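Protein chains in written order, with my numbering: chain B, 266 to 838; chain D, 90 to 368; chain L, 3 to 181.
Source of the hints: derived by calculation from the structure; they are not laboratory data. Computed from a predicted structure; not experimentally measured. Any given hint might turn out to be false.
[As the list claims (entries may be wrong)] With a cut-off of at most 25 angstroms between alpha-carbon atoms, the simulated DSS-like pairs for lysine-lysine come out as follows:
no.: 1; chain 1: D; residue 1: Lys109; chain 2: D; residue 2: Lys224
no.: 2; chain 1: L; residue 1: Lys65; chain 2: D; residue 2: Lys109
no.: 3; chain 1: L; residue 1: Lys65; chain 2: L; residue 2: Lys54
no.: 4; chain 1: L; residue 1: Lys69; chain 2: L; residue 2: Lys54
no.: 5; chain 1: L; residue 1: Lys159; chain 2: L; residue 2: Lys69
no.: 6; chain 1: D; residue 1: Lys109; chain 2: L; residue 2: Lys54
[What the hints assert, rightly or not] If you want the ones that stay clear, here's a sample from chain B, every Cβ over 10 angstroms from chain D, calculated:
no.: 7; residue: Ser270
no.: 8; residue: Gly395
no.: 9; residue: Gly428
no.: 10; residue: Gln454
no.: 11; residue: Gly511
no.: 12; residue: Gly682
no.: 13; residue: Gln687
no.: 14; residue: Asp691
no.: 15; residue: Glu809
[Stated by the list, open to error] Residues on chain D that point at chain B, a partial pick, calculated with CB under 7 angstroms:
no.: 16; residue: Gly159
no.: 17; residue: Val163
no.: 18; residue: Gln301
no.: 19; residue: Pro302
no.: 20; residue: Thr331
no.: 21; residue: Leu335
Backbone N, C-alpha and C define an ideal beta-carbon position, used for all residues, glycine too.
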Amino acid sequence: MNPASVSIALAGSGGAGVLTSGNALLEAAAQAGWYAYLSRSAGPQIRGGESVTMLRICNDPVESPDDTFEILMAIDWRNFERFAAEIPLADNALVLGDADTGPPPGFLTALPVRYHELPLKRTASGIAQGRPNMLALGVLAELIGIPLQTITDMLNRLLQTKGQVALDAGVSCVTAGMELAQKKLPAVQRLPAPAPRSPGERLLITGNEATGLGAVRGGVRFVAAYPITPATEILEWLAPSVDKAGGTLVQAEDELASINQIIGASFGGTPALTATSGPGMALMLESIGLAVAAEIPIVVVDVMRNGPSTGIPTKSEQADLGMALYGLHGDAPHLVLAPTSVADCLFTTQWAVHLAEALQVPAIVLSDQSLGQSRAVIERPADLTFMARRETPASVSDGYQRYALTASGVSPMAIPGMAGGQYTADGLEHSPVGTPSGSAADHAEQLHKRQQKLSGFNYGRHWADIEGKGDTAVITWGSTTGPVREALARRKAAGHTTRLIAVRLLAPAQPASLGDALAGVERVLIVEQCHGQQFYRYLRAHYELPGEVRTFCKPGPLPIRPCDVLTQIEDWL
Amino acid sequence: MDTEGTTAALAARDYKSSVKPVWCPGCGDFSVLSALTKALAEMQLPPEQVAVISGIGCSSRIPAYLNTYGFHGVHGRALPLGVGLKVARPELTVLVSGGDGDGFSIGGNHFLHACRRNVDITYIVMDNQVYGMTKGQASPTTAPDWSLSKLTPEGPGINPFYPLVIALASGANFIARASTSDPNGTARMLVEAIRHPGFSFVQILSPCVTFQPEQRDWKKLVRPAPVAATSDPAKAARRLMTDDNLFVGILYQGSREPFQPRLENRLEHPTELEEQFAV
Amino acid sequence: MSADRSKPPAGGADYTVDELLAHSLAIEAEAEERYTMLAEQMEVHNNDEVAKLFRRLAEIEGKHVAKVQALSGDTPIPHIAPWDLRWQGQSSPEAPEFDDLHYLMTPHHALELALQGECYAAEFFADIAASASDATVRQMAEELAQEEREHVALVEKWLARYPKPDRNWADDQDPPGQE
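Build out the structure end to end from the sequences listed, making use of the hints.
In structure tokens:
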């Protein structure tokens with residue numbers, strides 16, 4: 266348990282508004298100067314279902330849920346069993362309910378927790394337009410130590426469109442909630458006061474929004490969209506944003522249309538992107554292969570969810586790695602990248618756009634539901650460094666060869682409109698000029714070209730985050746990086762150093778760089794959120810791993826927590 | 090039409106590449122190639138401003154035979170390629186081309202939505218009622234009793250697809266049928282199709298002399314439609330009720346606004362988009 | 003297969019000199035272009051004998067193009083859109099139709115096509131020579147008709163060297179996947 270962090274869960278059903286209150290608390294905490302990380306869970310109903318908001322507030326940047334929750338508050342307990350496994354409670358956790366909405370489930374009161382009841386419903390009914398979730402907000406704010414003024418300022422922004430009456434009601438409820446907490450609840454250990462922050466030095470953003478932002482910053486100006494959980498928010502954010510930037514988003518009839526529309530737009534010279542999840546990317550694979558063969562840059566974001574097939578659409582897993590790496594038919598080298606945190610969604614997407622354009626190749630970005638739909642306070646990203654910059658011919662004359670064999674493997678790409686540069690892009694194998702060819706020589710040369718342009722490129726230091734020293738290393742990727750990082754921080758605090766290697770560039774593999782990163786390492790723990798050891802097998806296929814190797818594979822839907830990783834390491838050593 | 094300047098006017102042959110078509114001698118697609126190059130020459134479009142997008146099939150080979158930009162994509166997905174290109178680069182002339190299998194079977198869904206979306210492109214389908222490249226299977230426009238395919242030895246047994254009906258119902262802005270027996274008439278129809286704003290669809294009856302040799306008789310059977318093109322979808326629909334797939338001419342010229350997003354940058358710098366998240 | 007056309011080309015009484023020149027240029031240019039395309043098809047399908055024949059015919063038509071341009075002297079020949087030319091419903095009279103080809107066709111078939119083309123062209127000009135109202139047009143049309151008759155004679159002589167093939171000329175032991 267981290268004394269500088271508190272984890273809160275707020276549950277309710279039937280339109281109780283726990284998501285609104287949770288987000289309001291998040292915003293207030295952010296305004297107050299803390300860091301925070303919010304995720305949520307819900308039943309399958311479109312409306313009126315049970316839901317829970319899970320919020321972690323911390324003095325330092327936070328990229329992972331904690332091991333346990335210190336506070337669980339329920340406006341009502343309907344169907345709460347659904348969420349039980351996702352909300353492991355700390356010993357002595359504070360569990361708050363409302364006698365007027367029913368007793369807590371038996372399994373909760375059997376745990377070593379402190380249960381209290383608060384008359385939220387009754388108190389709310391005594392306030393004009395009062396709502397229990399706003400009272401809950403006040404209770405939680407008081408428990409953590411968020412000043413009333415901060416909450417009021419935040420409510421002003423949140424409710425400004427709903428009118429003064431709603432605002433007044435909100436403030437009254439929050440005040441009443443604070444009073445209830447003061448009178449009826451035991452004191453909890455509060456967070457240390459946050460460090461002072463300059464306004465605007467941080468962002469409050471979801472991974473999906475950060476992905477969209479990275480795309481536009483990287484130069485994407487055409488997006489084709491087909492909605493799918495949990496990627497839809499990327500597309501919804503991009504629709505007005507790419508339009509403001511002079512581009513456009515088109516909603517297509519299916520994923521097959523989306524992927525081909527972006528290939529068409531990119532053939533026309535416009536950096537293009539689509540976002541989907543596992544089932545959608547499976548549909549797109551044939552056409553991603555077309556972009557590999559015709560050497561057309563595109564970015565495809567896969568916000569991974571539980572599979573296989575329809576799976577668990579609202580939950581996270583890291584099991585599309587195999588498809589991303591090996592799903593294209595033929596020998597079809599391409600880029601696969603994965604952000605390691607909500608903040609990294611911005612950088613990695615931007616970098617992917619840059620790489621795709623520089624190398625004239627598809628880049629698959631493997632995000633996941635836990636990154637995409639979690640909302641976090643992050644540092645404002647650094648200045649633009651990686652931008653779309655496609656190599657085009659300075660001039661074209663007779664004999665322009667679209668797929669000319671060059672030292673780097675990248676051949677200048679004529680853009681429609683350039684006189685003299687006319688060529689026909691093709692999925693068929695082709696000669697350097699671009700005419701279809703079945704010759705062994707042409708096939709060998711073009712295969713080599715498409716491989717060489719990726720394997721010969723210098724990706725620099727961003728291929729992985731390599732931190733810490735020691736003869737034990739943990740190798741991971743994607744969203745598991747957060748809990749792994751935190752686990753290793755705790756070990757360091759206890760006097761043990763461990764090396765962390767969080768891979769960002771999964772394809773092409775970087776054996777030399779990983780070799781350097783593993784110098785002196787005698788044992789390796791591989792951590793991934795899937796059942797089939799996809800990452801482990803990929804590492805074994807492409808890299809030399811030293812000494813002893815162990816794997817920790819835990820499929821979704823539950824997140825991997827720092828204690829899970831710590832247990833694996835401590836049991837081993 | 091741009092015939093200004095000191096450069097000589099482009100002739101139809103200037104739109105042809107040096108690649109020799111591999112279509113069977115007798116194939117109707119040669120006539121389409123001829124008609125298309127004549128149409129482009131009549132419009133004097135600079136070849137570098139034209140892009141021809143296709144899927145997979147005999148007729149989809151056409152981009153390589155032209156001196157324009159081209160894209161030979163995957164089976165059934167030519168229309169979204171063309172839509173994406175045109176929306177991102179509206180100043181180009183984008184033609185999408187292919188056969189009846191590519192366009193109406195695997196591509197059927199994209200056909201519906203392309204008509205519906207009404208982007209300013211022209212879709213040319215060389216309809217020979219068969220899958221030629223894969224050696225003679227029934228296609229969505231094949232007659233139900235055509236029994237010469239090993240895949241459907243009793244004949245497909247199901248109704249054929251009526252492309253003009255689907256195009257009209259889905260909102261295409263220009264709908265026409267042509268025949269390769271009249272390359273000049275086809276050329277004129279293509280010029281009108283390309284010039285007409287929005288999604289223009291031209292079904293060209295193009296015999297496959299190898300797998301449907303009876304289609305050579307089409308030239309004796311096709312005839313001009315008895316009435317001129319209409320801008321009234323209901324009239325067009327009534328004409329289609331008695332259509333026998335052999336009337337040639339422009340059926341419908343609509344006035345729907347084409348779909349074309351504005352593409353106008355309103356930011357000083359893309360990082361302005363971050364401000365909505367600032368704490 | 004046979005080279006068969008259901009409609010003869012349309013002549014007419016009201017040609018001007020310009021229109022006549024434009025139509026003859028179109029006839030010859032289309033024929034040259036068409037024979038070139040046919041030659042390429044035959045080359046791709048490994049029918050060398052007929053390919054060479056079509057190439058030769060294309061060359062000859064190219065010379066005819068030059069002749070028509072010479073006829074017009076310094077005055078540029080006006081451009082007429084392909085569909086406004088007066089042969090409706092088909093390509094120009096002299097150019098073989100695309101669907102008259104067969105990948106196994108023999109020189110006899112090719113020359114029959116050429117002969118029909120030349121005959122149609124001759125008829126076309128003769129028709130104008132007989133019925134045009136303008137004397138210059140009639141004279142020019144007669145010259146052109148005479149040229150075409152010479153082409154007819156040339157092709158007839160050529161054709162005499164290639165007798166009709168036997169009934170099995172189209173047999174291919176390797177059919178393309180259909181019985």
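Going down the list of hints, with the structure as the test:
{"no.": "1", "hint": "Lys109/D with Lys224/D", "verdict": "21 angstroms, holds"}
{"no.": "2", "hint": "Lys65/L with Lys109/D", "verdict": "23 angstroms, holds"}
{"no.": "3", "hint": "Lys65/L with Lys54/L", "verdict": "17 angstroms, holds"}
{"no.": "4", "hint": "Lys69/L with Lys54/L", "verdict": "23 angstroms, holds"}
{"no.": "5", "hint": "Lys159/L with Lys69/L", "verdict": "22 angstroms, holds"}
{"no.": "6", "hint": "Lys109/D with Lys54/L", "verdict": "16 angstroms, holds"}
{"no.": "7", "hint": "Ser270", "verdict": "18 angstroms, holds"}
{"no.": "8", "hint": "Gly395", "verdict": "28 angstroms, holds"}
{"no.": "9", "hint": "Gly428", "verdict": "22 angstroms, holds"}
{"no.": "10", "hint": "Gln454", "verdict": "25 angstroms, holds"}
{"no.": "11", "hint": "Gly511", "verdict": "3 angstroms, violated"}
{"no.": "12", "hint": "Gly682", "verdict": "6 angstroms, violated"}
{"no.": "13", "hint": "Gln687", "verdict": "5 angstroms, violated"}
{"no.": "14", "hint": "Asp691", "verdict": "4 angstroms, violated"}
{"no.": "15", "hint": "Glu809", "verdict": "38 angstroms, holds"}
{"no.": "16", "hint": "Gly159", "verdict": "3 angstroms, holds"}
{"no.": "17", "hint": "Val163", "verdict": "5 angstroms, holds"}
{"no.": "18", "hint": "Gln301", "verdict": "25 angstroms, violated"}
{"no.": "19", "hint": "Pro302", "verdict": "27 angstroms, violated"}
{"no.": "20", "hint": "Thr331", "verdict": "31 angstroms, violated"}
{"no.": "21", "hint": "Leu335", "verdict": "31 angstroms, violated"}
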